[in-house]
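S.K.: Going down the list, the protein sequences come from chains A and E. Numbering (the numbering used here) for the first sequence: 12 to 152. Numbering (the numbering used here) for the second sequence: 12 to 152.
I should point out that these hints are in silico values taken from the structure, not numbers from a laboratory. Be a bit skeptical, because a hint or two may be false.
To be verified - Heads up, simulated DMTMM-like pairs for lysine to aspartate or glutamate below, C-alpha to C-alpha not over 25 Å straight-line: (1) E:K57 - E:D93; (2) E:K122 - A:D66; (3) E:K34 - A:D23; (4) A:K122 - E:D23.
Computed from a predicted model, the values in this text were never measured in an experiment.
Each chain, written out:
2 protein chains.
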Amino acid sequence: MQTNNIGFLLTDIIRLMRREYSKSDLCMTPMQARALVYVSRYEGVKQVQLAEMLDIQPITLARLIDQLAEDRLIERRPDPKDRRAYGLYLMEKSTPLLEKIDIEVTRVHEKALQGLSEEQVAVLRDALAVMHTNLSADSSL
Amino acid sequence: MQTNNIGFLLTDIIRLMRREYSKSDLCMTPMQARALVYVSRYEGVKQVQLAEMLDIQPITLARLIDQLAEDRLIERRPDPKDRRAYGLYLMEKSTPLLEKIDIEVTRVHEKALQGLSEEQVAVLRDALAVMHTNLSADSSL
DNA sequence: CAATTATTATATACATTGCTTACTATATTC
DNA sequence: GAATATAGTAAGCAATGTATATAATAATTG
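Construct the entire structure; sequences and hints are all you get.
M.R.: Set out below in structure tokens:
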């Protein structure tokens with residue numbers, strides 16, 4: 012049993028990246044930022060769809076959206092065709108914030124990946140994508 | 012701003028690995044398992060040292076140790092030379108559990124890494140190690 | 001040797017992210 | 001029209017992490 016296996020490394024890296032993000036003045040958590048980024052990319056998305064994209068439970072997303080809505084970064088607009096559902100839309104305040112998020116993400120990426128060649132980063136990215144796919148596959152079927 | 016950046020990928024993979032581990036019958040959390048593995052590798056280690064190895068706060072580790080000690084997997088033995096400190100030692104019950112952990116870690120690794128060549132895995136592992144080092148560096152100095 | 005400082009472990013309180021289960025309101029289907 | 005499915009939420013819990021504070025003990029310094 013090794014103490015430097017890949018799972019341990021990943022756990023550490025996530026924790027370290029979280030620390031790095033907390034040094035910024037974004038005043039939001041990584042998942043909040045992520046949800047906001049997704050809304051900006053898929054404006055009008057419904058919560059169920061977004062929860063599926065993020066692979067989290069709808070209730071987990073609901074609370075994220077609560078926070079973002081309370082901060083007036085996004086809003087829930089009633090779906091005209093389905094009175095149960097809401098579409099998620101950006102509000103004005105989010106535009107400059109999204110720019111800051113982008114800068115911050117770039118900063119952390121650069122810090123994390125420094126010293127790695129483009130090729131290494133490409134292999135890393137591909138390997139992580141494969142791992143994601145492998146782990147998403149539901150073997151219980 | 013991309014929705015498939017490396018930080019997002021890592022976050023997802025950690026969550027998916029956690030789910031995968033929860034399917035096992037280990038009845039312990041990843042961090043508990045990790046702490047147990049470290050104790051098995053560095054038997055007699057003191058809590059402060061172990062917290063440093065895991066790069067977590069001493070209080071975070073203290074609670075992990077509480078849980079493992081309550082389950083009679085490890086024990087705190089008073090340090091003969093320092094009455095403030097304890098050495099951490101395995102108890103009998105942990106031997107078969109460590110074997111099960113090893114099997115489970117191998118299973119999840121194989122599921123996560125399937126389809127990747129040995130070379131890709133090697134690059135992945137190296138890249139993650141570099142990222143860990145990069146992010147551990149305290150740039151505030 | 002006495003006083004200050006540092007270290008070890010823990011306590012308390014909190015935030016974030018995640019889960020399960022259950023519920024309401026509304027759509028859809030039989 | 002009744003049964004079923006879906007969108008969103010509520011309540012409660014667990015795991016992991018943080019900051020700050022405190023008690024006990026060691027180490028250092030004057």
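S.K.: Next step is simple, just say for each hint if it's right about the structure.
M.R.: These are the hints, each one checked on the structure:
no.: 1; hint: E:K57 - E:D93; in the structure: holds (11 Å)
no.: 2; hint: E:K122 - A:D66; in the structure: holds (19 Å)
no.: 3; hint: E:K34 - A:D23; in the structure: holds (22 Å)
no.: 4; hint: A:K122 - E:D23; in the structure: holds (21 Å)
Violation of the numbered hints given earlier is absent; every hint is satisfied by the structure.
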